[in-house]
Amino acid sequence: MNKKYGVYICHGCGIGESLNVEKLGEVASDEGYAVKTCPALCGKEGIELLKTDVAAGVNSLIIGACSPRVLYDTFRFDGCIVERVNLREQVVWSHPRATWAAPTEEQKDDETFIDHVQMMASDYLKMALAKVEKINLPEPYKLETFTRKILVIGGGITGISAAIDAAKAGYEVTIVEKEAALGGNAAKWRKQLPTDYPYEKPMAPVIQSKIKELGSYPGITVKTGTVVARIAGQPGDFTVTFKKPGEKIEFDVPFPLPPEMRLDESGKELEAEKLHARYLEYNQGKVDILTFDPNGEKFGAVVLAAGWRPYKPAEGEYTHLGLGTTPDVVTNAQFEEMAAAGKIKRPSDGKEAKSVVFVQSPGQGQDQDFPYAASVTSLVALKQATYVREDYADGKAFIIYQHMRTPGMTENFYKAVQQDPGVFLTKGQVTKVSKNGAGLIVEADDTLLGQPIQIKADLVVLATGMVPATKDDPVINLAYRQGPAFRDNAIFNDYADSNYICFPYETQRTGIYAAGGVRRSMTTEEAMEDAAGAALKAIQCLESANRGVAVHPRSGDLTFPDFFFQRCTQCKRCTQECPFGALDDDERGTPKTNPTRCRRCGTCMGACPERIINFANYSIDSVSSMVKAIKVPSTDDFDEPPLRILGLICENDAYPALDIAAMNKLSWNADVRFIPVRCLGSVNVIWIKDALSKGMDGVFLMGCKHGDDYQCHFVKGSELAEIRVKKIGEALSSLALEPERVAQFQVAIDEYDKIPQMLQEFVGTIEGLGPNPFKGF
Amino acid sequence: MTDEKAAPVSGSIMVVGGGISGLTTALEAAEVGYEVFLVEKNPYLGGRVAQLNQYFPKLCPPTCGLEINFKRIKDNPRIKVLTMAEVEKVEGGPGNYAVAVKVRPRYVNENCTCCGACTEACQTEIASDFDFGMKQIKGAYLPFAMAFPARYVIDPRIVGTEDAQRAKEACKYDAVDLEMQPKTLNLNVGAVVWATGWVPYDAKKMDNLGFGKHKNIITNMMMERLAAPNGPTQGKVIRPSDGKAPASIAFVQCAGSRDENYLPYCSYICCMASLKQATYVRAQYPEAKIYIFYIDLRAPGYRYEKFYENIKKDPNVFFIKGKVAEVSEDKAAGSITVVAENAVTGEKIHQAVEMVVLATGMQPTAAVNKLPGAVKTTPDGFILNDYAVGGMFAAGCANKPADVVSSNQNATGMALKAIQTLVRR
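Protein chains in written order, with my numbering: chain C, 1 to 777; chain B, 1 to 425.
Just so you know, the hints here were simulated from the structure itself, not pulled from any lab data. The structure presented is a predicted model; accordingly, all values stated were derived computationally and were not measured. Please note: incorrect hints may appear among the correct ones.
[Claimed, not checked] Straight-line alpha carbon distances no greater than 35 Å define the calculated DSBU-like cross-link-like pairs of lysine-lysine that follow:
| no. | chain 1 | residue 1 | chain 2 | residue 2 |
| --- | --- | --- | --- | --- |
| 1 | C | Lys754 | B | Lys313 |
| 2 | C | Lys201 | B | Lys323 |
| 3 | B | Lys183 | C | Lys44 |
| 4 | C | Lys23 | C | Lys631 |
| 5 | B | Lys348 | B | Lys205 |
| 6 | C | Lys727 | B | Lys58 |
| 7 | B | Lys80 | C | Lys149 |
| 8 | C | Lys51 | C | Lys665 |
| 9 | C | Lys572 | C | Lys592 |
| 10 | C | Lys343 | C | Lys188 |
| 11 | C | Lys415 | B | Lys213 |
| 12 | B | Lys172 | C | Lys754 |
| 13 | C | Lys665 | B | Lys168 |
| 14 | C | Lys456 | B | Lys348 |
| 15 | B | Lys74 | C | Lys754 |
| 16 | C | Lys726 | C | Lys134 |
| 17 | B | Lys74 | C | Lys149 |
| 18 | C | Lys726 | C | Lys689 |
| 19 | C | Lys212 | C | Lys188 |
| 20 | C | Lys51 | B | Lys41 |
| 21 | C | Lys694 | C | Lys126 |
| 22 | B | Lys376 | C | Lys415 |
| 23 | C | Lys134 | C | Lys592 |
[Claimed, not checked] What follows is a list of derived Cβ distance ranges for each label pair:
| no. | chain 1 | residue 1 | chain 2 | residue 2 | range |
| --- | --- | --- | --- | --- | --- |
| 24 | B | Pro240 | C | Thr431 | 43 to 51 Å |
| 25 | B | Asp380 | C | Gly170 | 30 to 38 Å |
| 26 | C | Lys188 | B | Thr184 | 50 to 58 Å |
| 27 | B | Gln181 | C | Gln418 | 52 to 60 Å |
| 28 | C | Asp420 | B | Asn310 | 30 to 38 Å |
| 29 | B | Gly334 | C | Arg76 | 57 to 65 Å |
| 30 | C | Arg76 | B | Asn208 | 53 to 61 Å |
| 31 | B | Asp207 | C | Asp709 | 39 to 47 Å |
| 32 | B | Ala333 | C | Asp709 | 34 to 42 Å |
| 33 | C | Asp78 | B | Glu260 | 53 to 61 Å |
| 34 | B | Asn369 | C | Lys628 | 55 to 63 Å |
| 35 | C | Arg76 | B | Pro240 | 44 to 52 Å |
The beta carbon of each residue, even a glycine, is placed where N, CA and C say it ideally should be.
Construct the complete structure from the given sequences, taking the supplied hints into account.
This is the structure we're talking about:
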């Protein structure tokens, strides 16, 4: 890009009163930049000035004014680089002259006077200039082949709903189902829970009419008796191999080595070459992940709707409830099968089951429901109670629960079933189910009746849960170097869920969106709605891939990581650390990029020890240059030079928190210089080394929470940063620098009031260590 | 004039309501490539969640997700945000709606730099609706620090008074325009998604629960404001009557929900909200006694179950199954008495506590403000979705009581339903 620079400094909002704007401008004009100032750049004249300059060819603007978080459209010019220098919030508002005195008339030319605020502004301007020199406008990545077809895995109510929803929006869909027929679990029921207001009665399963509706869309292809053997490629351009369930084919997806196979006899991790040899042996007969199936089908995005299976109690589980000791104690799934086949009868002797007890909780001192139950089993018990009443005029259903989990509008169903005189409900802990002649006795304590109860039952139904398909099998079978499954589903108990309350479809695999029972235990109504959401995300992803832009959270980002492979040492750190599995490796171990899988976080850039990964507008060099642009005063400049501390801060939460702190008139130490980064995961240790070798006294990283409740929108960013920072401690010691000079802080976006103290404490630590011995060299 | 079948198709979508659901629908549709008008009646986006301190179960700040969504709006020219705006009229059918949107005057124009000089110049205070009247603010204000759009507002209550003049004179950027008039925009869109959200049910209606009779009986939403760092007490949960720390606190679940006399349905979030608020109290007061009176504890799903399990481990949190019959002041003791029957043991409880939180339910906004346009609602005011007809849809709590996760799922799905309307016609 042929850059024509323009530097613009605004006087408004207190900037002119606090800073010597003329002197600030000289920082740039001394370097040969054209500098203009304006009383209010966002006012009519200011905007005219900018527009005129842009029309005259200025395409790289450095605007020293308010935060980039405000006036984003006022200072946006197509085809131009615009770098905002946050003078207002993060310099002037947060460092009032009442605290950091401005030089008096006499002091203005006194070179020994330390004007902290002016120095801060100068540094930030210099950093911006250094950055703009190094960055470019991005060119979007264009897929060579692209398709809008959507793959739906799972032909139950969720998959069918997703396929119909995508087709209604004009997309072609292939729906693949492992069983011989569509329908999934819903096709096995007598009735289903109501899907519409007033939610009072069970209804005939909608699945058959949905299957019929599916058939009316010519753009939907149905493949039954089929599973996905492997999904290779990237959003917009996935290559999928199908096969029959149980078949072994060469395009079965390779699995990573299980942990125990990665070690030798003494328990030490094997060398890379040996690991690779074992990996090949382990996956013998399978084609490697980089070879695409010439007969594979092309898809743009995937909806995972593989559903659930009934919980299978283990041998000896729930014997206190009679399971396994008599055939007349069944699970709710088994009960439903019986009910769908005809009148409910006792499995032991085929007699009528007129007294049925539904046990909602396994008891034993706990008030939880059975595992994987969510709030569905409470509703299912109510539904199944109506079967008993349907089959026998004198039938009785007893529901013993700890909590009737019928939230929201499903409360209406609970109320309606309670009206039936043949249905009895009580809170209670079922202590024992035992044989009583030909029948059973159910004993319960802590009931609402004020005393323990005993119920004679023909049949007992345990409200066991719905286990997601992803517990047993990766299902999506991604031909990705990180493995075929979603990573980290363990925190969701193996459901294919998202860790974000605000963004329920963001999984760790771009282009793959889960819906229905595989994502959470949910009702049919919820599943059909969920299907629409996942279908939307699938459409959005492939359309974004086609435009060359990233999806959430960096929606619209046109940059993508660029690799200088000639210097790659095949260390594989980027391949392993990418939270989204966007990198595979080729035959030599060099990473292979898949740009549309990428979310542009830069974790790879932070990981690379050779520093070969960069983005058009965010690179090792651009940030290093910013670090090096900071003036580090030494004893050559002042008798007592102020400290200089670098803060690499997450632009998603820490940066806004600083703005808000400033708006709330909070201040922080004036010796700190911030550089916002896309994610702490993108922090390369070279920046820390650059800062310290320049003589900066300390470096800290500030970003989001990690752990099971992680907030980081790139999953592991702050966690990885912490690991890297710990490792740098060793490197620092070899330079005779104290590891305490580098630290990491966790801050949430609403904890802006804690930041000043955090910084002050760190500065205190640094003051205790003394200035960096490398200063002034 | 024209044959209905040949009505012109408009390619844009209108989302009514800029809370978390409306934001989600708008953004998801815009990022597929459609033009969206986001119409919000408040001066800020974020709705109810902007008033919350944290979300359950992760105890994370709502502003995190809101900030990401605001950035997505900033980066997407296809979304047009209208604040201070309400839909007055909707005519037409799926694929072609003529919508009249009334925009109320903010009295602050685009010159606003958020410098805050107008706030400082004002000398009188008004009650803050955002804080349910628990805080006094100046009549010229920024709704909250992370408000988007980042622009001040002048409350109509001070327009025409001296304070308004003071605000105008203090503004160096000529951003205060006391002559601003309401205006009506006529927009043509192909689909409308109602994301009008909910209002907290009026706790005064439950006479026996004592709201309004004693300052220390508050609602769950008021508790959120107390706990929020930007709230009336900078995040300290204290007794409104005297500012003291509560040594004991009772949560009354289903306060007005699951009750034929008030709201017959379950409001979905109140169990989890109270559990979450118990963690707020515990974080500030390690020894405080917390009593939770419930009918059923609804913590559906794996993550919610785990959250509940953790709270159960706390030896100073007591769960009592029993619908609260009465909440009243014990003047002699200076405390509040909660009366309930323990449904399992049968004993009648008179629990003395220093503070009571009524877990009041949610009422759909459409129940209290009739919506223009041919929307079908349930008797409780929730908007029904009729996919066969299409064209207009309801997202989030406008459709049914739900938590943020479910609302966002639903809102994402409604974006697709809206797109289907545009595509099919």
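If you test the structure against every hint from before, which numbers come out violated? none
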